[in-house]
Amino acid sequence: MPLQIFYEDIEVGSEVPALVKYPTTMQLVKYAGASGDYYQIHYDKDIALANGLPGVIVHGWLTLSFLGQMLTDWLGEGGTLAKLNGSYRGMNLVHEEIFCYGKVTKKYAENNKNYARIEIWAENPRGEKTVTGAAVVTLPSRSKVTPQ
Amino acid sequence: MSDEPIISEELQSLVNVPFGPEVYEIEKGMVKKFAEAVDDPNPRWQSETPPTFPAALVPRELIHRLFNIKGPLKRLLNGASELEYLQPIKIGDVVSVTGTLTRLRQVAGAEGPTLFMFTEMTYTNQRGEVVIKGKNTYIKY
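Line order of the protein sequences matches chains A and B. Quick note, the first sequence lines up with residues 1 to 148 if you use this note's numbering. Quick note, the second sequence lines up with residues 1 to 141 if you use this note's numbering.
Everything labelled a hint here was simulated from the structure, so no lab data went into it. As the structure is a computational prediction, the values presented were derived from the model and not from experiment. All C-beta atoms, glycine included, are put in the ideal place defined by N, C-alpha and C. Check the hints yourself; a few may be wrong.
[Claimed, not checked] Taking beta-carbon pairs under 8 Å as the criterion, some of the chain A residues facing chain B (in silico):
no., residue
1, Leu3
2, Ala34
3, Ser35
4, Trp61
5, Leu64
6, Gly68
7, Trp74
8, Ser141
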């Protein structure tokens with residue numbers, strides 16, 4: 001695991017290490033089973049095309065899961081995720097890379113905790129933002145014991 | 001396009017009606033399967049649930065009603081999701097989910113009329129503590 005990141009290590013504009021994923025049809029089927037979302041546009045190409053889609057598309061929730069993974073990988077054991085949201089604005093097609101990004105937009109202390117607000121987004125290989133959202137996280141401090 | 005209203009009386013009647021609770025036992029295998037499906041190998045998910053795990057804790061009755069209601073719009077997409085984490089959901093917890101349709105909004109979209117259905121979920125553990133608050137927007141078009 002990477003070294004713990006601390007509140008003092010980040011500034012507004014700091015970037016969260018990017019995460020790149022490559023969902024396959026098999027992963028979408030596994031996700032359908034694990035989440036109970038069996039909507040066929042996520043694994044049946046004929047139905048996806050009949051719905052006017054360009055092909056099988058990735059569940060919005062799955063792309064948001066990748067953004068969540070990017071954040072929890074970065075937060076390590078000492079940080080926590082307080083809020084996560086995403087709007088599904090575009091399509092991620094199966095068998096295409098999904099690029100996950102995050103950038104600190106605000107840092108602040110409140111109720112004896114150190115918070116950061118992170119702008120998050122996912123892009124497809126055409127550079128289109130397919131999911132845009134935000135997260136609020138808490139980070140441990142180097143200078144004092146962070147209350148849990 | 002038929003003359004059926006986009007927002008039927010039946011759909012309108014669901015607004016602000018809480019559905020559930022749907023009760024889920026958070027089993028180890030279920031969480032492992034979810035973490036594998038989202039391809040997130042973090043060892044943390046051996047004892048607690050990954051951030052988007054509430055996607056698997058479906059308020060079934062609400063979703064069933066919303067998705068199967070009769071109307072002229074047949075296609076469905078997920079519009080947005082929002083989660084607020086108050087406490088981790090741990091393996092062994094028993095989580096009750098209630099879901100409510102809070103608002104309907106009809107707009108003229110690029111491909112014709114579009115309906116936004118706004119929902120809110122509350123996830124409560126076996127001690128009666130709210131662990132997560134969720135919102136989800138579904139789009140029919």
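Results of checking the hints against the structure:
Given the 8 Å rule on beta carbons, the hint for A:Leu3 is violated: about 16 Å separates it from the nearest Cβ of chain B. Taken as an interface hint, A:Ala34 checks out: its beta carbon lies about 4 Å from the nearest beta carbon of chain B, inside 8 Å. This hint holds: A:Ser35 has a C-beta 5 Å from the nearest C-beta of chain B, less than the 8 Å allowed. Interface restraint check for A:Trp61: the shortest CB-CB distance to chain B comes to about 4 Å, inside 8 Å, so the restraint holds.
Interface restraint check: A:Leu64 against chain B, minimum CB-CB distance 6 Å, threshold 8 Å, status holds. Hint status for A:Gly68: holds, given a least beta-carbon distance of 4 Å to chain B, under 8 Å. Against a cut-off of 8 Å between C-beta atoms, the interface hint on A:Trp74 is violated, since the closest Cβ of chain B lies about 11 Å away. Interface hint status for A:Ser141: violated, as the beta-carbon distance to the closest one in chain B is roughly 20 Å, over 8 Å.
Hints 1, 7 and 8 from the earlier list are contradicted by this structure; the remaining hints agree with it.
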